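Read top to bottom, the protein sequences are chains Z and F.
Residue 48 in our numbering sits at position 48 of the first sequence, and the numbers go up by one each step.
Residue 189 in our numbering sits at position 189 of the second sequence, and the numbers go up by one each step.
If you're looking for bench data, these hints aren't it; they were derived computationally from the structure.
Remember, predicted model here, so these are calculated numbers, not experimental data.
It is possible that part of the hints are untrue.
[Said to hold, decoys possible] Chain Z regions said to be covered by chain F (calculated; three or more residues, Cβ under 8 angstroms):
{"hint": "1", "stretch": "10 to 22"}
{"hint": "2", "stretch": "35 to 41"}
[Said to hold, decoys possible] Quick list of the computed label-pair ranges, beta carbon to beta carbon:
{"hint": "3", "chain 1": "Z", "residue 1": "15", "chain 2": "F", "residue 2": "121", "range": "22 to 32 angstroms"}
{"hint": "4", "chain 1": "F", "residue 1": "140", "chain 2": "Z", "residue 2": "15", "range": "20 to 30 angstroms"}
{"hint": "5", "chain 1": "Z", "residue 1": "32", "chain 2": "F", "residue 2": "26", "range": "41 to 51 angstroms"}
{"hint": "6", "chain 1": "F", "residue 1": "180", "chain 2": "Z", "residue 2": "44", "range": "24 to 34 angstroms"}
{"hint": "7", "chain 1": "F", "residue 1": "119", "chain 2": "Z", "residue 2": "1", "range": "23 to 33 angstroms"}
{"hint": "8", "chain 1": "Z", "residue 1": "22", "chain 2": "F", "residue 2": "161", "range": "24 to 34 angstroms"}
{"hint": "9", "chain 1": "F", "residue 1": "161", "chain 2": "Z", "residue 2": "15", "range": "33 to 43 angstroms"}
{"hint": "10", "chain 1": "Z", "residue 1": "32", "chain 2": "F", "residue 2": "234", "range": "11 to 21 angstroms"}
{"hint": "11", "chain 1": "Z", "residue 1": "8", "chain 2": "F", "residue 2": "26", "range": "53 to 63 angstroms"}
{"hint": "12", "chain 1": "F", "residue 1": "236", "chain 2": "Z", "residue 2": "8", "range": "12 to 22 angstroms"}
{"hint": "13", "chain 1": "Z", "residue 1": "22", "chain 2": "F", "residue 2": "175", "range": "44 to 54 angstroms"}
{"hint": "14", "chain 1": "F", "residue 1": "210", "chain 2": "Z", "residue 2": "32", "range": "50 to 60 angstroms"}
{"hint": "15", "chain 1": "Z", "residue 1": "49", "chain 2": "F", "residue 2": "121", "range": "24 to 34 angstroms"}
Beta carbons are placed, not taken as given, at the ideal position from N, Cα and C, and that holds for glycine.
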Amino acid sequence: MNLGPHADFIIASYAITAFVVAALVAWVVLDYSAQRRILGDLEERGVTRRSRRDAP
Amino acid sequence: MALIDLANPTRFLRIVNRVLPWLIAATLVAFAFGLVSALHAPDDYQQGATVKIMFLHVPSAWLGMMAWALMSLAALGTLVWRHPLADVAGKAAAPIGAAFTFICLVTGSLWGRPTWGTYWVWDARLTSMLILLLLYLGVLALYWTAEDPGRGSRAAAILSLVGAVNLPIIKFSVDWWNTLHQPASIFRMGGSTIDPSILHPLLIMALAFTLLFFTLHLAAMRNEILRRRVRTMQLMRAQEVHA
Chain Z
1 MNLGPHADFI IASYAITAFV VAALVAWVVL DYSAQRRILG DLEERGVTRR
51 SRRDAP
Chain F
1 MALIDLANPT RFLRIVNRVL PWLIAATLVA FAFGLVSALH APDDYQQGAT
51 VKIMFLHVPS AWLGMMAWAL MSLAALGTLV WRHPLADVAG KAAAPIGAAF
101 TFICLVTGSL WGRPTWGTYW VWDARLTSML ILLLLYLGVL ALYWTAEDPG
151 RGSRAAAILS LVGAVNLPII KFSVDWWNTL HQPASIFRMG GSTIDPSILH
201 PLLIMALAFT LLFFTLHLAA MRNEILRRRV RTMQLMRAQE VHA
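All chains, full assembly: derive it from the sequences and hints.
Put into structure tokens, the structure is as follows:
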């Protein structure tokens, strides 16, 4: 595939977009595991949400 | 299931956990098709191969605007109906919308240099898009720096509603002012002016980016609900310790 005389601009566009999308995906995935870990720690210490505590 | 049932965060989380794997798969398939068709699209008779940048630039511009429209609707839900998930939806959409607006500006700049001979001009379309990015940064600052999350959310909701004024300005800037940026060429009276060999890859990429947006948005909403649970439980623990 020939990208012509402006290949650098095309490759830079795709590289920057890939980097930003990868950063968004990493943010979502890492944030999810962090929140799950903190919730797990709190539940292990016996802290439960009021709705859970009131459940029969 | 009634729409109001989604207001329950626990039920919403159950739905997200069920939907997310399918959405991820659909996003990957759409990107596979989109990227292959984008790479095989012919060069434009004027732009040459730089037309390939449009397959990133146009969808990210649409999504940058769509995310703000979504935040404005969520702001109404927060301020008027105090819907429990509205604020979560608005807060989760802001960084994703900001990222797509950033991609739009950078790829537009990289396309502008070989096509227009400059990375940037202060024309109405480019400037109003830059203002959108600055508005996103303002909303993020309100969400992330407010000491009281409730006050931060209300302030961000007000800014989201006020900032919605910028959306028609972005859309119609190319008609209202004399801009270097070309006028609408896809959604316009009389149909698209783009050849199908370029329009089809562009629409597939737009679908892929839209699916990516909703995948990230639902995942970020799930994270935000969990973060609020963590905060509630930490406050309860602090109260128990001090009691």
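Structure-based check of each hint:
no.	hint	verdict
1	10 to 22	holds (count 8)
2	35 to 41	holds (count 4)
3	15/Z / 121/F: 22 to 32 angstroms	holds, 24 angstroms
4	140/F / 15/Z: 20 to 30 angstroms	holds, 24 angstroms
5	32/Z / 26/F: 41 to 51 angstroms	violated, 20 angstroms
6	180/F / 44/Z: 24 to 34 angstroms	violated, 60 angstroms
7	119/F / 1/Z: 23 to 33 angstroms	holds, 25 angstroms
8	22/Z / 161/F: 24 to 34 angstroms	holds, 32 angstroms
9	161/F / 15/Z: 33 to 43 angstroms	holds, 36 angstroms
10	32/Z / 234/F: 11 to 21 angstroms	holds, 18 angstroms
11	8/Z / 26/F: 53 to 63 angstroms	violated, 33 angstroms
12	236/F / 8/Z: 12 to 22 angstroms	violated, 56 angstroms
13	22/Z / 175/F: 44 to 54 angstroms	violated, 36 angstroms
14	210/F / 32/Z: 50 to 60 angstroms	violated, 22 angstroms
15	49/Z / 121/F: 24 to 34 angstroms	violated, 54 angstroms
Hint violations for this structure: numbers 5, 6, 11, 12, 13, 14, 15, all remaining hints satisfied.
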